[in-house]
Amino acid sequence: MLTMLAIAAALATEPTPPALVEQLPPTYPASELASGRSATVLLELDVRADGTVADARVAESGGTSFDAAAIQAALSFRFTPATDERGEAVPVTILYRTVFEPDLAPPVVLQGRVRAAGTREVLGGYRLLLERGDRAVVAVTDGEGAFQLAGLEPGPWSLSVAEAGWRLDPVTVTVVEGQRVDVDVRPVLSAPWEAREDGVSEEIVVEGRAAAPEVTERLLSQEEARYLPGTNGDIVRVVQNLPGVARPPLNIGQLIIRGTAPEDSAYYLDGARIPSVFHFAGFSTVLAGDSIAEIAFLPGNYGVRYGRTLGGVVDLRVDDALPERSRGYVSVDLFQSAVFVEQRWEDVSLQVSGRRSYADVFLNPVLAGVSDSTIRVPRYFDLQAHMSSRTTHGRFDALLLASDDRFSVVGQDADEVEQTTIGLSDTFQKLRLRSVEQLGGGPWRNEASLIAGPERRSFDFDGGVAYEEPFTVGLREELLRSPLGRWGLGWRLGVDAELGRYRYDYAIPLYGEPERADTFRLAPAAYVEPTVDLGVVQVVPGVRVDGLLLGTGYGTTAIDPRLATRLELGATALKASAGGYSQFGTVRQLVEQPELGPSRSWQVSAGVEQRLGPDLSAELVGYHAWLDDLVSGREDAFRFFSGPPPIGPLDTDPYANDGTGRVAGLEALVRYADERTAAWVSATFSRSTRVDRPGDERALFEYDQPIVLTALASRELPRRWRIGVRARYGSGNPYTPVVNRIYDLDQQVYQPVYGALDGARLPAFWSLDTRVDKDWVFRGWTLTAYVDVQNTTNNANVEVMSWNTDYSEEDPVTSIPAVPVFGLRGEW
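Numbering that gives the first Met the number 0 applies: residue 0 is where the sequence shown begins, and numbers increase by one.
I should point out that these hints are in silico values taken from the structure, not numbers from a laboratory.
Heads up, a few of these hints could be off.
Result set (DMTMM-like, lysine to aspartate or glutamate): computed pairs, CA atoms no more than 25 Å apart in a straight line [what the hints assert, rightly or not]:
id	residue 1	residue 2
1	Lys-773	Asp-45
2	Lys-773	Glu-31
3	Lys-773	Asp-695
Distance ranges between label pairs, derived from CB positions [as the list claims (entries may be wrong)]:
id	residue 1	residue 2	range
4	Arg-134	Leu-399	40 to 48 Å
5	Arg-85	Ile-722	48 to 56 Å
6	Ala-447	Val-57	37 to 45 Å
7	Leu-615	Leu-665	36 to 44 Å
8	Pro-693	Val-338	33 to 41 Å
9	Gly-534	Arg-718	15 to 23 Å
Note that the Cβ used here is the ideal one computed from N, Cα and C, for glycine as well.
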């Protein structure tokens, strides 16, 4: 034993540090040449066992540009390996000092800029690898994507990327003595899930988002929605896949939220109300998706910021951040074409976009030769101009939005002159101004917005015309203060007013005598909402007071108290809310029946959120709503239908606050998202009933769907492919059946005898949708081709119940067959 110890001691050696044997001289930053100053940078270098540098970090900074140049040079160093006591090579971390002197700076022989192919995005902190024989040099770009190298031997060098997830076709760069070579490098992001997100940057801004006071606020981003199947890439249509949303008949552009009618929900643009969010048939949203940063979907129990509705809220939140670069795209598909351009000038940016459907251009001439009465294919377009700017203490943006939808059936009179027999149009133009300012650099923030513009809906039929022409101005002013730290107090104080002129004329002979009005409408509101942060518990009480005044002398008020709580327990969050909600009658209802008061809803909900991992989360919410003072009556009067016309006996009595309702349900959402995959499963189990008049039996609500299930997934594949699938199942809507028929001798037609109101239900709905995307990246732009197939299985789902002419047999209207929507998108 003593002999072995003696031998080991004799063989042991002192550890040796690494010795620099090969280096690339650091490049003096070009941005510092004018100053001519010296600088010293102390680096920490992780040296591998083979003597190469694995990583470099700044221990003592000499300035941002000098730090980047020192790191770039150090990554190309080669050392003799460090050894331990046994003489074996080991990895070590050492300190290395780099000194910059302008007089000693070697000449730059290679410089360039790195931008992503297709998007031209500047790549800061990006690593390039230059190789020549057994010599390897690493270049690191600065925040502007630029790099410079000095000390390279003359001759050919092979240039490639040293970043995971990126691809660059082989490039040979020839270094010539006494000359400076410029290169423009455009690597392709081939595997985004492998690419690192960190890099060298002079400034990193992290923007957080406090937990919302609402029990249920589900956020969707445009990037997340673009590739989801069955939506044609439209971000608002993605909302139809979330819990709490029933499937609309014929897949038209409606949101039926938590057992309420489509007209009971509201759409907002950054908190400013807009009349509609979908074009005809729900093919697309009225606002370009790339203008939207995110969508907030609040199915119920939302805070006092929103009011005048019994249903849900969808708030389109426009992206007012200044873009890092100018960009744009042109897209075409089976239904529409669109163009989007965004340009930045220092602290100001401008977006201009437009979209038009063009099926009418190709199909109308064909349909014109089919019969004397020709259906004109629906046509829609929208235009937007959006300006954003930074101010001294915040930001300001202005948005101009126009939308126009038209549909008609055209025939010929005796003189063969074209006459519109049926026509429908829906148009509006809005100007929205918004300012967000931090007050005095303190904790208070002021948000002010204005939205104004005309709207018009019209219907031509039977020689008559019906229209509604509101001109509305919306004003909102809010003061906000976030809770400062734990055990803090936050505030939301605001006023929200709608005012303007409302004119309508319903002159359709089929509906009897015309109804007309032209009056002023003012709906002011004030609200207050403190946020009490008690550590793991957050309590948010609030109250909203709404009023309504008409030029006819009508006036009423509504007071809605609300309360929300949230308990954070690590990966688990418990939440609950209760509150009142009020909705005023329409101008037409209040002009005809001035005694009407607001409809009311008392809502309670409770839920749990669970984080199941870094990429997986689950949510479960239960809710109940009691509806009172609902407006009933005048079902025989003309109205712009939000869905299929009513079936069965009509309530022709005057308007009255006689209706009541009950809505209860359970919502579940499991969501998974990583670098390559977006997927979720949503389930809604609910029951919605109504009693229209005292003494009536409780009946199912016309949009009641007890079970709605949706599962969808989209995954990015290698070589820039992406595939997605969506499966949907839903209960059919209730309808009033025909149980018998009577022959009318005077009219010589059969008249139906109806059964119990909404006493039957349509068959269940089932559909499978698929989507495939493929990108081709060119030097300055990217081409995307996709096919989005709705109802891939070609299932004939019953959408609306109808009957033959003598009511002897049911003749249901079924859904459209499988429709493959092909599209191309070129972006730069």
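Verification of the hints:
1. Lys-773 with Asp-45: Violated - the C-alpha atoms of Asp-45 and Lys-773 are around 40 Å apart, more than 25 Å.
2. Lys-773 with Glu-31: Violated. Lys-773 to Glu-31 sits at ~44 Å, over the 25 Å cutoff.
3. Lys-773 with Asp-695: violated, 57 Å
4. Arg-134 with Leu-399: 40 to 48 Å: At 58 Å between Cβs, range violated.
5. Arg-85 with Ile-722: 48 to 56 Å: At roughly 54 Å between Cβ atoms, Ile-722 and Arg-85 fall inside 48 to 56 Å, so the hint holds.
6. Ala-447 with Val-57: 37 to 45 Å: Taking Cβ atoms as reference, Ala-447 and Val-57 lie about 43 Å apart, which means the hint holds.
7. Leu-615 with Leu-665: 36 to 44 Å: Distance hint for Leu-615, Leu-665 is violated at roughly 20 Å.
8. Pro-693 with Val-338: 33 to 41 Å: violated, 56 Å
9. Gly-534 with Arg-718: 15 to 23 Å: violated, 50 Å
Consistency with the previously given hints fails for numbers 1, 2, 3, 4, 7, 8, 9, ordered from lowest to highest.
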